[in-house]
Amino acid sequence: MGRLILRRIVQLIPTLFGVVTLAFFMLALSPGDPARVMLGERASQARLDELRTQLGLDRPLIEQYGLYLSRVVQFDFGTSIKSGRAVTEEIADLFPATVELALAAMVFASFTGIVLGVLAARKKNSLLDTASMAAALIGVSMPVFWLALVMIMIFSVGLNLFPTGGRMNIRYYFTPITGFYLLDGFIVLLREGDPKYLMSALHHLVLPAVALGTIPLAIIARVTRSSMLEVLGQDYIKTAKSSGIPDFKITFVYALRNALLPVVTVIGIQFGLLLSGAILTETIFAWPGIGKWLYHAIEARDYPAVQGGIIVISTVFVLINLLVDLLYSVINPRIRLQ
Amino acid sequence: MDEPLLSIQDLKVDFSTNRGLVRAIRGVSFAIRKGETLALVGESGCGKSVTAHSITRLIPTPPGRITGGKILFEGVDLLQIPEPKLRDLRGSRISMIFQEPMTSLNPVFPIGSQIMDVLLTHTKMKKVDARAKALSLLELVKIPAPERRFKSYPHQLSGGMRQRVMIALALASPNPGLMIADEPTTALDVTIQAQILALLEDLKEKIGMALLLITHDMGVVAEVADRVAVMYAGRVVEEGEVFRIFENPSHPYTRGLLESLPSNPLYKETKRLKAIPGSVPDMITLGEGCPFANRCPLVRPECTLAFPEPTTLDTDHKVWCYAIEEEPVL
Amino acid sequence: MNAHESKEIILRTKDLKTHFTVVNPKDGQKQKLYAVDGVTLSIAPGEILGIVGESGCGKSTLGRTVLRLEERTSGDVYFREENVFEATPERVNELRKHVQMIFQDPYSSLNPRKRVSSLLEQPLRLHSIGDLSDRIQRVEALMAEVGLDPKFRTRFPHQFSGGQRQRIGIARALAVDPELIVCDEAVSALDVSVQAQILNLLADLQDRRNLTYLFISHDLSVVEFIATRVVVMYLGRIVEEATTKDLMAKPLHPYTQALFEAYPVIDPRKRGVTKRIVSGDVPSPIDPPKGCHFAPRCPFATDRCREAYPPTFEPEVGRNVACWLFGK
Amino acid sequence: MAESVSATNELPSIPGDPSPFVRFWTSLRKNNSAMTGLGIIAVFAVVAVFAPALAPYDPLIQIIGDRLTPPLTDGYFLGTDDLGRDMLSRIMYGTRISMIIGVVSVSIGSLVGGLVGMLAGYFGGIFDRITMRIIDIMLAFPYILLTIVIVALLGASLVNAMIAIGISQIPRYARIMRGSVLAEKESDYVLAERSLGAKDGELMFSTILPNTLAPMSVQATLGIGEAILSSAALSFLGLGAQPPTPEWGLMIASSKEFVTSAWWVVTLPGVATLIAVLGFNLLGDGLRDVLDPRLQE
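Chains as they are written, first to last, in this note's numbering: chain A, -7 to 330; chain B, 57 to 386; chain C, -19 to 308; chain D, 13 to 309.
So here's chain A without its partners, still in its complex pose:
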């Protein structure tokens, strides 16, 4: 097992190297001049040249790349053109918000998706199966940003059940502790016995999490169902039946354990995709996370920020996939080393 993990981590290095390279050249080669972006249209040539020298933009591209690479390995993504702050710092500030949202969405999607998928497979072609699979199909066919808007329209504007955006009631003077507001709210509850921060954080989280989780939910439900159906047709299920094992146990122990193997992979991929899907959802729900930040960075052609954002999101994505692969080999005894 240890050797496998080590091998996989070593294998990651060229991939991450490729990611950094691609991110650098894509933006370095793209039209537009960062110096002009920073100084505005009316800046003098002298000022522009000065800034270019300062940013190292006057050097050959390959030299810039080498420089960038050497900084990236020290987790230095440069300074945001727009805010003037270190990109690493900005990302560190915003990351908890995105992770909290993505985790909430994923927990919601995985749990509901697996339950729906199992129930649908157990009663194949029943009303529940048809209805939930139709819903799942509609779920995967929706633009996520549109769903978010429609949900705001219905649940915030129409029914006034949830706030339209933000992470916490703005009237509360709240200083984040960990940056994960649910956790922070819980800490405050423990410390001061005041549940209002926890409740407010939860209240703000529900709508974006459900909106962001809908597509993964639909996908997980579909994969769970088809995986369950495939497993239920396997010989070892026939063996269990012919041994008199009760149906309930066959479904939820004998079959589900096997059926979950592909589902775990899908959950991992979806979790990674959620991080980028957040670009859309966070923008709509005014959720102060990486996605919204990256969106504005792209809009403003804030190259260091965009490069940094892409590299961080892709790295997290790759790490999650690695984690899922390892988890897969842990729950699949055919790969696990005894």
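In short, the hints are calculated from the structure, not lab data.
Part of the chain B face toward chain C, derived, beta carbon under 10 Å:
(1) Gly215
(2) Met217
(3) Ala250
(4) Glu279
(5) Lys327
Label-pair ranges, simulated between beta-carbon atoms:
(6) Pro116/B with Thr134/C: 31 to 37 Å
(7) Arg284/C with Thr242/B: 35 to 41 Å
(8) Ala124/C with Met47/D: 39 to 45 Å
(9) Glu198/D with Lys207/B: 30 to 36 Å
(10) Thr242/B with Leu311/A: 42 to 48 Å
(11) Ala254/B with Met47/D: 52 to 58 Å
(12) Val124/D with Thr134/C: 32 to 38 Å
(13) Leu77/B with Gly51/D: 28 to 34 Å
(14) Val124/D with Pro6/A: 20 to 26 Å
(15) Ser54/C with Gly136/D: 20 to 26 Å
(16) Lys188/A with Pro68/D: 49 to 55 Å
(17) Lys207/B with Val149/A: 55 to 61 Å
(18) Ala188/B with Ala288/C: 43 to 49 Å
Derived DMTMM-like pairs: lysine to aspartate or glutamate, alpha-carbon spacing no greater than 20 Å straight-line:
(19) Lys116/A with Glu139/B
(20) Lys197/D with Glu51/C
(21) Lys116/A with Asp301/D
(22) Lys90/B with Asp258/B
(23) Lys68/B with Asp338/B
(24) Lys94/C with Glu214/D
(25) Lys10/C with Asp140/D
(26) Lys126/B with Glu365/B
(27) Lys77/C with Glu214/D
(28) Lys241/A with Asp144/B
(29) Lys94/C with Glu120/C
(30) Lys211/D with Glu198/D
(31) Lys77/C with Glu50/C
(32) Lys250/C with Asp282/B
(33) Lys230/A with Asp144/B
(34) Lys180/B with Asp239/A
(35) Lys77/C with Asp114/C
(36) Lys211/D with Glu70/C
(37) Lys94/C with Glu198/D
(38) Lys(-3)/C with Asp56/C
(39) Lys230/C with Glu294/C
(40) Lys(-6)/C with Glu294/C
Heads up, the beta-carbon is just placed ideally off N, CA and C, and yes, glycines get one too.
Use these hints to put chains B, C and D onto chain A, whose structure you have.
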């Protein structure tokens, strides 16, 4: 004659397919006595596995459907009892082993716990006792170092070992009555097949259970069966004691089947086999007559109209064939 | 092997090895699989050489390597004294006119999207045999020769039964008029009654066209029926070689004996005779046992067997056994 | 010839036309999902082709006096947007754009990806290792992020969005193609044709290719749906179509501040997107059911 352990009477099973309704089993009857080994033999698609799976109602429904007949096990019609009662019988009085030992065991659980699960389902054993019993079962099926193997996963075992585990699983009951073995050695190498057949023989004697052996291999039949039922295209065409079947095969199909074997001493010199011409009929378009009529050397006009009633040649040797009266009865 | 030195040889292999690299799913480590591990044999024209053995003995890989469908690891294959592995790709294609193959599974060895006519026409076209009308005629003749009605030439493989598909496979192999046909488990997937038809057909064709077969099968009775000489393989190596008659009369190698003992006898009266069933499993060709590969299961194994792989001995004229029991 | 052979010419009579295509079509016709999807796609295709004839208004003309007219009012079947443009006409013209984007970007992705996958799978070796490494790096970017980055590189426009979506979809086709080529390459019938003397080109394109089309066409169908969604997302972010193009995503984006007052301006383009994508997903699912050999019997 004493009451048979299992008696199948006029069983009929249909399958609906894209191309139309397949009448896979068209009125099959046979019986197994306590402690006896009955081989249900026939070529692929003849319905022998479907028959076996019908006994414990493991036919996937849909597309399959049991449309008629009775399956009496110790006098109780298995087709009539409710599902929970049947489930109590499965694995305790009637157990099954399958062709593919590679896929018949759950890949994500250790084999010991799979055996324990069956024990705990059918008895009120404590876990410790179930573990001890499972270990003794592994020992019974001659798995070397059962203590160590107990925690093994199926993929860590060879095909032969897995089939032994399957047999142990089938014996995980306080009172096994009938074991249905569906092509238990087909996927195995011949040296391993010999081991498994010897083990089955041995266990039958020790435990006194009956064995319904589904196979296409006449060699396996000759090795282990007490009685034989020969199936062809959804019908039993001949049934009898194993010596009768091999020494006096009376249905033209049984005869053809035995003569097709390359190991038949008939061919030591000629270097040509006496093959049955033609191929198995399409089960969708097949009519009411004898399904073998289109390949039969003794075919008569009435053969294509209706399936014959059985002719009893002597005790326990029945043949479903019109041409049989002409044959001298031994 | 000396037995055939005097005679004409159509195909021979010299210490042929075909190893595969497989990846262990547990740790991603690469391992070697010794599928064929030093096989020397030869076939004379008109002979039917049976190759028999259990799964993992390398018999199918051997058949494929002979046709250069697998690359060898070492050793050589000679077709009429021409080294197949040193031939140019063009020459290999020419050689494939002379050596053909019949596959095990009649369901998977025919391209499901081609009609019988184009399946049979393809080899003719590839070797530029005749013009179009010629080829159509030849296709019909081939179908008739293997017992298929030429009017079915526009059908697709899925519209035939298993036996009929195998006839198509045979016709395709015959299309280029080969001298040698490698039959890789050619009748194993078929039901007994159909298997008999195909065996008869193969025997007829061999007579009529004076073909040479390399007949690979796990089924002893089939090999006994059709082959003139038999090679027994175990874990990538030949353990015994003899004429069919000699072998059936008296198997010498303990593994051959075990195989014969294990094979069911089609006579219920003889079942009482106590069998000596060999114990244990066939080891994996990834990690074959040291010394004689059969030693761990062999009732006669000595320390020497466990130490070194035995050379080939010739205890009787024309018989070769790789077993220390027959060493001087 | 021995008599044993002569009597083997009876074939089970199989009703219906025998060709694999006809077989495929008959089973597809029985598949509700596929037929519903095909129906939806057909309707959208007709609308796309005949948009100029079918649309009641010019999609770009602004009648400020009629701005934000609700549906079924004053002759506006689906109402008007915040600039007084007819929603129905805009959605109809949007169909054109979405269909073109879907087809073009999937063509780019599947042709490039398919070719790369075919060559990598068939020849293996160093080419395989290099291309698969590149594919891995592309897959290390989450799909939508990759698309966004490529558009950011090329500059925001509809054409660039198409190219970006196409490029982002290359890895999946390459992988699917490579996977099926690897599987087919080892299959008996390819081995058989190789043993007959067939050359690489023939094996790749005439033997293997047709047998890989099933998974590829399933993925391509689903890919069109996803391309439509991606294009809408890009336009929503201002990276795809530019105003006043009647692109669905852009329509949603430009009217999102009216969520509170005029439900239709946001809802309707989304519904159109949903139905169009649903059509392709239904067809894709249906195709998978029909083409998956494991499900056939």
